[in-house]
Amino acid sequence: MTTTVAARPSTSNFSRFLRRSGRNFSQFWRQLSRNKLAVASLALVLVFALVAIFADLLYEYDFVTSNSLENALLKPGESGVVYYHEKDIEHTFILGSDNYGRDILGRLVHGARVSMIIGFATVAIALLTGGILGAIAGYKGGLFDTLIMRATDILLSIPTILLAIAIVAALGNSFFNLLIAISTSMIPGYIRIVRASIITVKDQEFVEAARCIGAGDLRIVLKHILPNITSPIIVQSTLNVGSAINWAASLSFLGLGILPPKPEWGNMLSEAREFIQYAPHLLFAPGLTILLTVLAYNLIGDGLRDALDPKLKR
Amino acid sequence: MEKILEIRDLAVNYYSDRKIVRAINGLSLDMTAGKVLGLVGETGAGKTTLALSTLNMIRAPQGRIMAGTVRFAGKDVFTMTKHELRDMRGKDVAMIFQDPMTALNPVLSVGEQIAETVLKHEKLGKENAWKKAEAMLETVGIPAERAKEYPHQFSGGMKQRVVIALALACNPKLLLADEPTTALDVTIQAQVLDLMRKLIRDNGTSVLFITHSLGLVAENCDEVATMYAGEIVEYGSIDQVFGKALHPYTQGLFGSLPDLSESTMRLKPIPGLMPDPTALPEGCYFSPRCPHVMDICLKKHPTDVDLGGHRVKCHLFSAGSASDAGRPA
Amino acid sequence: MSARTPILRVNGLKKYFQVARGSLHAVDDVSFDIDKGKTLGMVGESGCGKSTTGRLLVRLHEATAGSIVYDGSEVTKAGDREMKALRTRMQMIFQDPYSSINPRHTVATIIGEPLKIHKKVSNSQEYEDRVHQLMATVGLADRLYDAYPHELDGGRRQRIGIARALALDPEFIVCDEPVSALDVSIQAQILNLLMDLQDRLGLTYLFITHDLSVVKHISDDIVIMYMGQVVERGPTEELFTKPIHPYGRALLSAIPIPKLNARKERIILKSEVSSPINPKPGCRFAPRCIHAQPECSVADPALREMGPGRFVACRLAEQFI
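Protein chains in written order, with numbering that gives the first Met the number 0: chain E, 0 to 313; chain A, 0 to 328; chain Z, 0 to 320.
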């Protein structure tokens with residue numbers, strides 16, 4: 000005998016999903032907004048992202064990659080005449096010009112685009128690869144676990160900078176190879192985090208309960224375990240974006256990766272070395288930008304970690 | 000009779016997530032020296048908060064004492080100096096927590112932990128402190144040779160006995176026992192409580208025995224108080240309250256218990272849930288769940304009525320409502 | 000005596016775990032039957048193997064040895080397809096309402112998942128209706144459909160677990176300490192619910208608990224476990240009025256009774272030394288038993304029938320009748 004239930008209008012699944020997501024998000028936002036630094040960093044990162052996306056509207060790419068030696072080493076705020084596209088243009092160099100007469104701010108803007116792409120692409124690649132390997136190691140255990148973890152240990156025993164240099168040296172200097180080098184160094188971290196998270200969660204009672212109602216392995220990993228391990232992964236990924244940008248800059252500084260005249264914050268730093276004494280703005284501009292960006296990502300990561308901590312929910 | 004603890008109109012709030020949690024609301028309670036008072040209540044009633052308030056351990060900014068006084072042996076706990084408080088805690092007032100696993104320091108041997116507290120509060124040298132520690136362990140049934148062992152080498156029941164030894168080492172006047180045996184198996188629980196009863200009888204310790212089990216209260220306590228939504232709703236001697244429970248909540252608690260001696264077909268649980276401490280109802284806090292609720296219960300908060308030492312906070316017994324003859328709402 | 004129709008027969012069930020120090024005998028040669036529509040209460044203290052036994056019945060652990068026959072099917076040897084079918088008939092309610100439901104899923108998702116896995120509904124309207132029906136059956140308000148577990152108290156969370164167990168219309172449910180983590184007044188609500196459901200749906204229960212007053216209330220028969228073995232078995236009324244095994248008697252004497260002047264002779268047990276790892280032959284309760292004799296530690300005492308449906312594993316059982 001079943002209890003009869005009055006018929007109810009079926010609210011669409013999607014609208015219910017939206018309402019639920021809205022509730023979840025506002026709760027999360029309330030937690031995060033307590034951390035003023037994190038919010039400020041988020042604003043900064045958003046500004047940089049917009050700048051990166053709309054780089055072409057601010058400065059033309061050709062403009063920042065063409066030489067204009069008459070205007071070399073101008074101080075921030077100075078103006079000069081640039082012969083560009085067969086015309087003489089009056090141009091104010093907001094942050095000054097480099098030793099080739101190129102607008103520093105313009106190069107920073109386009110460099111932002113490069114950094115952003117590198118940051119997110121490497122994290123995406125590393126997350127997918129490391130995540131799958133970590134999931135197999137954590138969930139299956141046994142031989143899979145041993146093989147994957149030992150491989151990870153080997154990878155981790157090689158200093159990151161040497162690994163990156165080796166990869167780029169072997170595969171050649173290109174944007175794509177730079178991505179490979181950087182993401183390879185991030186993969187072991189993801190393998191470990193995902194594996195540890197899965198091991199923690201897979202012995203919880205609700206996973207047992209899922210098995211009891213007949214859920215198979217795939218359903219358990221995707222629907223039960225994955226949603227519960229997103230927090231450490233999100234935090235790590237945010238920190239990794241900052242770290243990737245840092246690595247890209249370091250490798251370009253060393254002459255591997257993005258080479259001039261392509262604008263990239265790291266190679267801008269490298270080129271600035273000669274002129275530290277009499278044109279320090281060449282150094283400070285890209286240096287501070289890298290610093291602010293990486294710091295911002297780190298602060299966001301910290302803020303996220305606190306906001307996503309399930310213990311604070313109750 | 001000397002009163003070891005006098006609490007008057009205590010109010011304690013917690014602040015979390017922009018909400019105000021009213022943990023204790025106008026609570027008054029007396030404890031007679033040398034007696035065991037059972038404090039019964041369910042999760043969220045505020046029992047642990049009460050114990051912590053007694054030791055003035057409610058920390059700002061999460062928690063604040065809003066009003067009221069707590070007098071221990073005549074001295075106001077809230078106006079004591081840090082020095083006096085330190086003296087009181089551990090020596091005059093000791094506390095046993097629910098989980099023996101986390102109450103003991105895992106990197107010190109059990110003997111060291113007891114000796115440490117003895118050294119701090121009594122003027123004994125290291126040698127004598129250790130001897131006292133061994134003696135305490137013997138009284139709780141743990142051989143003195145094991146004093147050098149670490150907590151993880153003991154079982155749950157034995158750990159809790161160590162905790163009891165620790166609490167009683169300096170012969171406190173008042174023992175706050177917060178669910179001391181909930182984490183233990185029932186046969187071990189019986190052993191541990193037998194032991195505790197003997198020790199407190201021998202030393203004349205007063206005990207505030209916090210528990211959710213009416214059975215334990217019947218067997219170990221002299222007096223009992225029921226707590227609901229941050230206040231004491233009924234108080235009396237064991238004979239009075241177990242003989243005839245007055246407050247509907249206390250009656251409901253008795254009705255919820257499966258009785259070993261009768262085979263009742265259906266239990267009589269109290270419908271509903273304890274009120275949200277951030278949004279307490281108007282009038283009597285128990286009114287939404289009370290089977291005898293009247294008009295006045297929804298409007299006016301009941302005050303204590305003393306019926307020969309048996310006190311109850313309920314309009315069914317207030318002088319005023321007697322004339323209303325309990326018209327149900 | 001009416002013909003007994005056992006729907007579950009457990010015989011010689013064993014589960015040994017390999018640990019660092021050796022072999023942990025969690026469940027060691029356990030046998031019992033449960034009749035259709037009845038409740039068998041399984042009591043014992045921590046480490047006695049009752050939870051492990053429950054999990055063995057629903058194949059959350061693989062048995063080391065022994066057989067579990069449910070309505071003719073051998074559960075321990077069932078293949079994937081057969082097991083999936085068996086799962087629609089045998090379900091489990093877990094102890095901890097805080098960890099047995101996925102904190103990231105809504106109430107509806109949790110309750111409805113079994114329906115999705117076994118394709119019991121063909122469209123989303125049917126799914127919604129069935130979930131609402133289950134919620135009503137266990138007393139969860141309609142508006143909680145999209146709620147998350149952390150928004151609800153222990154009692155409501157446990158109702159979610161019960162609704163999930165009922166989703167596939169099972170016949171047999173293992174209740175693993177379903178009320179131990181709940182307040183006394185909520186316990187009573189849930190116990191009443193479980194008993195109502197048994198009446199209405201004709202369910203068979205294995206009710207695992209350490210709380211003797213609760214088990215008396217809900218069980219028809221009781222089995223007492225100690226260190227992985229059955230020490231006593233019998234109808235509830237009889238077992239409570241006249242326990243035979245020394246452990247059973249000590250257990251019963253230890254229960255605190257909420258009545259005046261009910262303090263009775265407490266049977267105090269000796270020190271707590273036994274270990275379930277590489278256990279030696281002989282009665283495992285002997286080290287704690289005040290009646291123990293040297294012969295008790297020589298060989299495992301057999302489970303002997305002392306009366307209709309009444310079994311005791313003690314050499315000296317006759318003394319205690």
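Quick caveat, the hints were computed from the structure, so don't treat them as lab data. Here the structure is a predicted model, which is why all the values come from computation and not from measurement. A hint or two may mislead.
Stated by the list, open to error - Pairs of lysine to any residue residues, derived as SDA-like cross-links and limited to a Cα-Cα distance of at most 25 Å, are as follows:
hint, chain 1, residue 1, chain 2, residue 2
1, Z, Lys118, E, Ile52
2, Z, Lys279, A, His211
3, A, Lys18, Z, Glu236
4, A, Lys267, Z, Lys258
5, Z, Lys119, E, Lys139
6, E, Lys139, Z, Ala77
7, E, Lys222, Z, Arg155
8, A, Lys18, E, Lys139
9, A, Lys267, Z, Glu236
10, E, Lys139, Z, Thr63
11, E, Lys222, Z, Asp168
Hints versus structure:
As the CA atoms of lysine 118(Z) and isoleucine 52(E) are separated by approximately 46 Å, the hinted pair breaks the 25 Å bound. The hinted pair formed by lysine 279(Z) and histidine 211(A) fails the criterion: a straight-line CA distance of about 39 Å is larger than 25 Å. A distance of roughly 50 Å separates the Cα atoms of lysine 18(A) and glutamate 236(Z); the hinted pair therefore is violated under the 25 Å criterion. Restraint check for lysine 267(A) and lysine 258(Z): the C-alpha separation of about 17 Å stays at or below 25 Å, so the hint holds.
Pair hint lysine 119(Z) plus lysine 139(E) does not hold up; C-alpha atoms about 29 Å apart against a cutoff of 25 Å. A hinted pair counts as satisfied when its Cα atoms are at most 25 Å apart, and lysine 139(E) with alanine 77(Z) qualifies at roughly 22 Å. Pair hint lysine 222(E) plus arginine 155(Z) holds up; C-alpha atoms about 23 Å apart against a cutoff of 25 Å. For the proposed pair lysine 18(A) and lysine 139(E), the alpha carbon gap of about 44 Å is over 25 Å, so the pair is violated.
The hinted pair formed by lysine 267(A) and glutamate 236(Z) meets the criterion: a straight-line CA distance of about 21 Å does not exceed 25 Å. A distance of roughly 21 Å separates the Cα atoms of lysine 139(E) and threonine 63(Z); the hinted pair therefore holds under the 25 Å criterion. Among the hinted pairs, lysine 222(E) with aspartate 168(Z) is consistent with the structure: their alpha-carbon atoms are about 23 Å apart, no more than 25 Å.
Comparing the model with each earlier hint shows violations of hints 1, 2, 3, 5, 8; every other hint is respected.
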